[in-house]
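In order, the protein sequence lines correspond to chains A and B. Mapping to my numbering: the first sequence position 438 is 438, numbers consecutive. When you read off a place in the second sequence, starting at 1, and then add 473, the result is the number in my numbering.
The set of hints was computed from the structure by calculation and includes no laboratory data. Since the model is a prediction, treat every value here as computed from it, not as a measurement. The C-beta atom is built at its ideal place from N, Cα and C for all residues, glycine as well. One or more of the hints may lead you astray.
Here are a few chain A residues that sit away from chain B, every Cβ distance over 10 Å (derived from the structure) [as the list claims (entries may be wrong)]:
1. ARG55
2. ILE159
3. LEU168
4. ILE284
5. GLY341
6. ALA342
7. MET393
8. ASN430
9. LEU436
Chain B residues, not near chain A, derived (Cβ > 12 Å throughout) [claimed, not checked]:
10. ARG539
11. THR669
12. HIS745
13. THR829
14. PRO860
15. VAL887
16. GLY907
17. VAL916
18. LEU925
19. PHE939
20. ARG957
Which residues of chain A face chain B? A partial, calculated answer using Cβ under 8 Å [unchecked claim]:
21. ALA68
22. PHE371
23. PHE382
24. SER390
25. TYR413
26. TYR462
27. LEU464
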Amino acid sequence: MTRYVALLPEASLAATALLIFAALMTERNRTARARRAAYVGGVLVLAASVLTLGRSEEFFWGAYRVDAFSQLVKAAVAAGFLIGAAIAGEGRGQREDVRGEVFFFLLTSAIGLVALASAVELLALYLAMEIASFSLFVLVPMCDRCEMGREAALKFIVIGLAASAITLFGLSLLVGFTGATGVDQIAAQLPQLAGEPAVMLGMALFLAGLLFKLAVFPFHFWAPDVYQAASHGVAAFVATASKVGAIAVLARLVALAGLGGTRLVTALALIAAVSMTLGNLVAIVQRDVKRMLAYSAVAQAGYVVVGLVAFTRAGLAAALFYGLLYLLMNAAAFLVVARVGADGSNPQLEDLRGLHRRSPLLAATLLLALFALAGVPPTAGFAGKWFLFSAAMGQGWWLLVLLAAVNSTVSVYYYLVAVKYAYLLPDDQNRGPLPLSFGDRTLCYALSTAVVVLGVFPTALYRLAERAAQLLP
Amino acid sequence: MSQLPLLTILLACPVLGLAGILATPARYPGAIRRIAAASGVAAAAVVAVLWLRFDPAAPGYQFVERVPWVPSLGIEWHHGVDGLNLPLLALTAIVFLTGVLVMWELAERVKEYFAFMTLLVIGVYGVFMTLDLFFFVFYYEVAVLPMYLLIAVWGSTRKEYGAMKLTLYLLVGTALVVPAALAVYWGAGAGSFDLTRLAAAHYGRGFQLVVYPFLFVGFGILAGMWPLHTWSPVGHVAAPTAVSMLHAGVLMKLGAYGILRVAMPLLPEGAHYWAQATAVLATVNIVYGAFVALAQTDLKFVIGYSSVSHMGIVLLGLSTLSEAGVNGAVFQMFSHGVMTALFFAAVGYLYDRLHTRDIGKLGGLSRTLPVASAFFIIAALTGAGVPGFSSFWAELLVFLATLRTFPVLAVIVVAALTVTLAYSIRVIVLAFFGEPREAHPGVADISAFLALPRAILVGFLLLFGFAPSLILNVIAPATRAFVRAVQ
Chain A
1 MTRYVALLPE ASLAATALLI FAALMTERNR TARARRAAYV GGVLVLAASV
51 LTLGRSEEFF WGAYRVDAFS QLVKAAVAAG FLIGAAIAGE GRGQREDVRG
101 EVFFFLLTSA IGLVALASAV ELLALYLAME IASFSLFVLV PMCDRCEMGR
151 EAALKFIVIG LAASAITLFG LSLLVGFTGA TGVDQIAAQL PQLAGEPAVM
201 LGMALFLAGL LFKLAVFPFH FWAPDVYQAA SHGVAAFVAT ASKVGAIAVL
251 ARLVALAGLG GTRLVTALAL IAAVSMTLGN LVAIVQRDVK RMLAYSAVAQ
301 AGYVVVGLVA FTRAGLAAAL FYGLLYLLMN AAAFLVVARV GADGSNPQLE
351 DLRGLHRRSP LLAATLLLAL FALAGVPPTA GFAGKWFLFS AAMGQGWWLL
401 VLLAAVNSTV SVYYYLVAVK YAYLLPDDQN RGPLPLSFGD RTLCYALSTA
451 VVVLGVFPTA LYRLAERAAQ LLP
Chain B
474 MSQLPLLTIL LACPVLGLAG ILATPARYPG AIRRIAAASG VAAAAVVAVL
524 WLRFDPAAPG YQFVERVPWV PSLGIEWHHG VDGLNLPLLA LTAIVFLTGV
574 LVMWELAERV KEYFAFMTLL VIGVYGVFMT LDLFFFVFYY EVAVLPMYLL
624 IAVWGSTRKE YGAMKLTLYL LVGTALVVPA ALAVYWGAGA GSFDLTRLAA
674 AHYGRGFQLV VYPFLFVGFG ILAGMWPLHT WSPVGHVAAP TAVSMLHAGV
724 LMKLGAYGIL RVAMPLLPEG AHYWAQATAV LATVNIVYGA FVALAQTDLK
774 FVIGYSSVSH MGIVLLGLST LSEAGVNGAV FQMFSHGVMT ALFFAAVGYL
824 YDRLHTRDIG KLGGLSRTLP VASAFFIIAA LTGAGVPGFS SFWAELLVFL
874 ATLRTFPVLA VIVVAALTVT LAYSIRVIVL AFFGEPREAH PGVADISAFL
924 ALPRAILVGF LLLFGFAPSL ILNVIAPATR AFVRAVQ
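Given the sequences, and given the hints that come with them, work out the whole structure.
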């Protein structure tokens, strides 16, 4: 029986889902109640994931594996969910009648992501991915900017379903050639099948589905629209928890032996190169902060792929490590965006003017978050990028690393432009100070501290990531 | 040797200062200033202890501290001091402390200003003491980024443009340094970022020839290397006084120090192969900087271009890869740091009071503001290489070394020295002597309190001008070991 303790995070998720559901049934204060239930549930899941970090179990005939890797990712997903819920707050920017439901669908998406971290069987993996995606398909059109929301939602759904179809087709090829659905069994057979074009095609198509979730070029088209149209909380969730989930599966897939040295690696490297360059260049011309963050996310995903193309444990660990850091720094950035656009509107760069006077804490948080995204020390982004690039350099990808380093410099430009608005340009509309709730202040301090402390003392978290990476097949 | 981790304590001074500044509410600017000054004094005291306890005769690094940081990647908290970085630590202590004092009158956004300035100094100290390549680049970038805000918020003349240009140029430098550093790490195959181990490893000749330019140019950009120097005068002109002091005085040395500590010892064959090319670039720096300085009308631009010219002397000394040359280069780093700090401090006072730096509008200042003018004139004389000031010895060493290694370049450089003399005298005569061109009623000469930091700087110029052996005795043994290792 004790082995079922390992499923504690999943159990708490299910309980939270019921709790939120019950809260939504009530008449008065349903949004506030759902929110509180979400906070409690999020904390529970986070605690459960951390507590079960040392566990190692398999369930459902080897389809569902609990190990340090999966629990680390689950903890990250829980953190992302909490942050998304906190940013959604009272639900401004959401349609009036569904403000409570947002928490429910955020949670179901988190359930999918959590399952994704543990799934080691292709069908389970696919199912988990779809649970995570479909909840988001519902969430995006729930914002009150209806026109934009509908368009973005449609784009998201259509591209998402196309990606699912592609993934399924890829899966069918893999299953057909290997006769197995377990990730381990397939990995064992891949070396002999590496020369088989259909297997490579299957892998490539499967990969494409994942790259869609990660919003890497050429599968990134939905990201800017969704970021812009979705309410702040939902966008934050997509940008943090969902990203970590995608990185996790991608890491699992990449760890499948026999990929190194094939054309697929070259394709991944190219994708990384174009993603970084395109994301950074397009981000420069954005005026909408959320759109800018979306394009920066495309570039950031490119950096992660740089680590993955190394196809080494160090590369996987670095990618995982960076994914966790990315969650923190992006959460900080989105928190500032959400509070500057407190009425639910999307802040433009102009709206950041005079932020250092209106709220020194938000300005400082934004500064640290953007510096972290740019990879500037003492923030965690520097160590994260260093580990990623180092792993790729170790496998001789020097040109890719050089390009990535140049890209980091390019990215500093638009991050600095945002910093310039926040710190330098005076507020021309004389808006008053931005009041922050106690919870927001705490979150600001916590995220800023985490971003700096992990930059100077990356060891503990990196060790965890290393340990998790060792458990991949 | 002492058991106290003196270098970590030194680093802790600005770190605690920063924490104190952040914890103090912005409505107490006086307290914030005092905290910044206190951290500067504490750091200077620690450096003084280091200097006194330092044994020049002992080989290798002293006060070494080693703690594994990320063991699986070979990153260590690894500090150490030798004759090459001790003078630079001292320089940092001097310039930061005087910089804080010079900015005592700052009234606008005091808390943020001193917070960023302290953060910058943490980076500078870190670079000068670390012996781990990861932390080297880490601190290097810590020092670069606050610069943007310091210039963009508190600067003058085209500050946003200057700040952005400076930041992007310097980050292009790191974009070259980071891949090169990683390549060296994997090339050594030791699984360690320890600079001493990386220096002991062997790299193929082809590898060295390719990677060395990346490191040299990457670090060289921060050292103001021609033709990638254009950020420097623009940035210095735009920056507020203490930031100009720190930037020209200390930060540009980070670039030269990177070449000295990372590029050359790790890739000696590359250094020898490219020495001629880098020497030519350095000569262009010296000549070009001097000529352009001759044509400037803004006092700060004169200093900015003179820095380009003087940093050329540092690069030239390094390029000779000889004992005298490297001795001169390190001495010049220190001496130029103090001198430029004095330059900018002097101009800063004049600009604060007269609201102009245009040579055409000044004139006769030595009569109205004798003390404030004296500081500038002393700096200008030092820059011109007048005996009695420390730069004289530093430049002399570099010229002698160049004469031996690159005789043709030496002739050019010595000829350029007359241009240096010319722009120094031109500025002195036009701005400080002759008839006052514009009346500046009610402008008082510099107060004793504000004169103090400037006087400290003058003191160091004179001290090492009359007793160069005080510093050369520290530098020379380390240089000997350095040159032997690089041969």
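(message) Hint by hint, where does the structure go against what was stated? Just the numbers, ascending.
(response) Violated: hints 7, 21 and 27.
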